[in-house]
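*Asks:* Letter by letter, the chains look like this.
Protein chains: 2
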Amino acid sequence: MERSALILCYSGFEEIEALTVVDVLRRAGVAADICSVEGKEYIRGSHGIEIRADKSFGAGEKEVGSYDCVVLPGGLPNAYLLRDDPEVIDCVKNFYASGKLVCAICAAPCVLEKAGLLKGRRATSYPGMVDKASCGEYIAENAVQDGNIITSRGPGTALQFSFAILRAMGLGLDADKLEKGMIVKG
Amino acid sequence: MERSALILCYSGFEEIEALTVVDVLRRAGVAADICSVEGKEYIRGSHGIEIRADKSFGAGEKEVGSYDCVVLPGGLPNAYLLRDDPEVIDCVKNFYASGKLVCAICAAPCVLEKAGLLKGRRATSYPGMVDKASCGEYIAENAVQDGNIITSRGPGTALQFSFAILRAMGLGLDADKLEKGMIVKG
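As you go down the protein sequences, you meet chains R and Z in turn. Numbering that gives the first Met the number 0 applies: residue 0 is where the first sequence begins, and numbers increase by one. Numbering that gives the first Met the number 0 applies: residue 0 is where the second sequence begins, and numbers increase by one.
Heads up, a few of these hints could be off.
Copies of the same chain look alike in the list, so a pair counts if it fits in one copy or across any two.
[What the hints assert, rightly or not] SDA-like, lysine to any residue: derived pairs with alpha carbons at most 20 Å apart: (1) K179 to Q159; (2) K99 to D145; (3) K176 to A139; (4) K131 to R120; (5) K99 to K179.
No lab work stands behind these hints, which were simulated from the structure alone. In this text the structure is predicted, and so the values were computed from the model without any measurement.
One chain only, chain R, in its complex shape (with noise of 0.2 Å):
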């Protein structure tokens, strides 16, 4: 079965963040939908790099519900306006209870914070982006699951966040291929 991921950027979105990690999964067969969550066509990432957004957020939990895993990349005003977006909050916590893949990387780890998930978790972020109190573990290393949760740190530790979400989704083998064919590892 086609695996799938909801990749949820605001205008100001990190760029390596959230390119790295579509660029990564589709070449694993991973449907990777950047979706824009304020309705635009094209969003401007914080370095002034301007993509054009698969979808808008529009459609609602309903359909965001089908995906197997939530991205939230970082990126300045993007990390802070997906944390006060309360239907991003709905979105990640719906998808969280559902057992499904709630990935956030640099900043954005803030959003899973706010949506209290990642008490009693171990857990990562950007330097000082969340209190390490909120967390069950704070580490510092470049990828952290715990449970159905997957945080990282910044935009160097963006492919191996990539990887991590990779497999969590039960795609190592493509992983390991991907981390040799990519001049990640090797």
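Fit chain Z to the given chain R structure using the hints.
*Replies:* Same frame as chain R, now just chain Z:
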């Protein structure tokens, strides 16, 4: 003085390779322009990500001559289209002859090979993408600088490629700072 870089892309460019360079260079204050060689406003990468070009190649070599650096991302068919475009070959030769930086990653060192710029040079590429005999010395290292030529290997080495470009531009302090700030090192 502000540094500047021209990133030449055809459809089918590799997204991580092209956009990591743009992201990192802009973070260091370099004016990095994504240039659509075929003159399209929007260009589609090899994994379906569509981005807006900052400019088109139409204005010719005279204009591109004002940049400090030309960067060729990989991805197919992008790298082959760049290689087979006589205007791109002329452009790259002009940058080289002016002592400006000429940088290529993954499949794109084949463009430098075609332009005859790898002769006598230490260089690298995605495995199998250039004839080793066309280089002075072929090295399987992540980022290789020899004079004003910088080459690199694939998506997994795009960050190192970008920092090598910054250092060759005299922006080593920015590169050091970004390696930490982007969680590439430390």
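*Asks:* Compare the structure with the hints numbered earlier in the document and write down the numbers of the violated ones, lowest to highest.
*Replies:* 5
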